[in-house]
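Going line by line, the protein sequences match chains C and F. Here the first sequence stands for residues 1 to 115, where the numbers follow the numbering used here. Here the second sequence stands for residues 1001 to 1110, where the numbers follow the numbering used here.
Treat the hints as calculated values from the structure; they're not laboratory data. Be a bit skeptical, because a hint or two may be false.
Unchecked claim - Listed below are the simulated DSBU-like cross-link pairs for lysine-lysine, each with C-alpha atoms no more than 30 Å apart in a straight line:
1. F:1068 <-> F:1057
2. F:1057 <-> F:1109
3. F:1068 <-> C:57
4. F:1081 <-> F:1057
5. F:1068 <-> F:1105
6. F:1109 <-> F:1076
7. C:9 <-> F:1081
8. C:57 <-> C:9
9. F:1105 <-> F:1081
10. C:57 <-> F:1076
11. F:1081 <-> F:1109
12. F:1105 <-> C:9
As the list claims (entries may be wrong) - Computed, partial: chain C to chain F, Cβ under 7 Å:
13. 1
14. 3
15. 69
16. 70
Unchecked claim - Ranges of calculated distance between the beta carbons of each label pair, as one might list FRET restraints:
17. C:80 <-> F:1074: 25 to 35 Å
18. C:69 <-> F:1017: 28 to 38 Å
19. C:61 <-> F:1076: 21 to 31 Å
20. C:9 <-> F:1059: 42 to 52 Å
21. C:1 <-> F:1013: 25 to 35 Å
22. F:1080 <-> C:70: 44 to 54 Å
23. F:1008 <-> C:73: 42 to 52 Å
Positions of the beta carbon are idealized from the N, C-alpha and C atoms, including for glycine.
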Amino acid sequence: DSGVTQTPKHLITATGQRVTLRCSPRSGDLSVYWYQQSLDQGLQFLIHYYNGEERAKGNILERFSAQQFPDLHSELNLSSLELGDSALYFCASSVGAGGRHNEQFFGPGTRLTVL
Amino acid sequence: GQNIDQPTEMTATEGAIVQINCTYQTSGFNGLFWYQQHAGEAPTFLSYNVLDGLEEKGRFSSFLSRSKGYSYLLLKELQMKDSASYLCAVRVGSNYQLIWGAGTKLIIKP
């Protein structure tokens, strides 16, 4: 158990719909990262928040948005869903935004299925 | 551009040794991570290298050559539970973003 929690574990929805994925980082971690992993694919970095502020954006579609709240939990919003959005969505957290080590700890993921 | 290359799949025998290579071409370098990921599960941290040389941690070791843009993960005394994907990731840039390789699927045979 990494200490990072994600809800829900599974989500099944239809094309065109909107969903919200939630992540709570490890206690004391200020950074939250969101990743998408399609079947048998590598991790695609979506976005990084540090202490409530957006720090970096990866290959995140305009239909997707995220935010980090004052209590440091984060939400990833996916809208106008398409079949290709079906994937595992991971949240990870780390203590800071950089530093010598600063490994990322991953949550169990949310499996999104768009029908 | 940013690029990380790993073999797609490797097969090894239980009890043996396997070396998984990772080469990278990135703009900036602030460290290299190896993660293990079992199918359908979250990646878990294995090792971190920022200076050239070998880092040993039990059955797993990781090597880095910054001048060659090259790293490897060495797994000794392989066990069936080591069957997983192994992800190489390089930290770059002022925001310390991680660039991820596609992962190497390691299959362990009895």
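Margin query: Tell me the numbers of any earlier hints that the structure contravenes, in ascending order.
Written below: Of the numbered hints, 10, 13, 14, 15, 16, 17, 18, 19, 20 and 23 do not hold.
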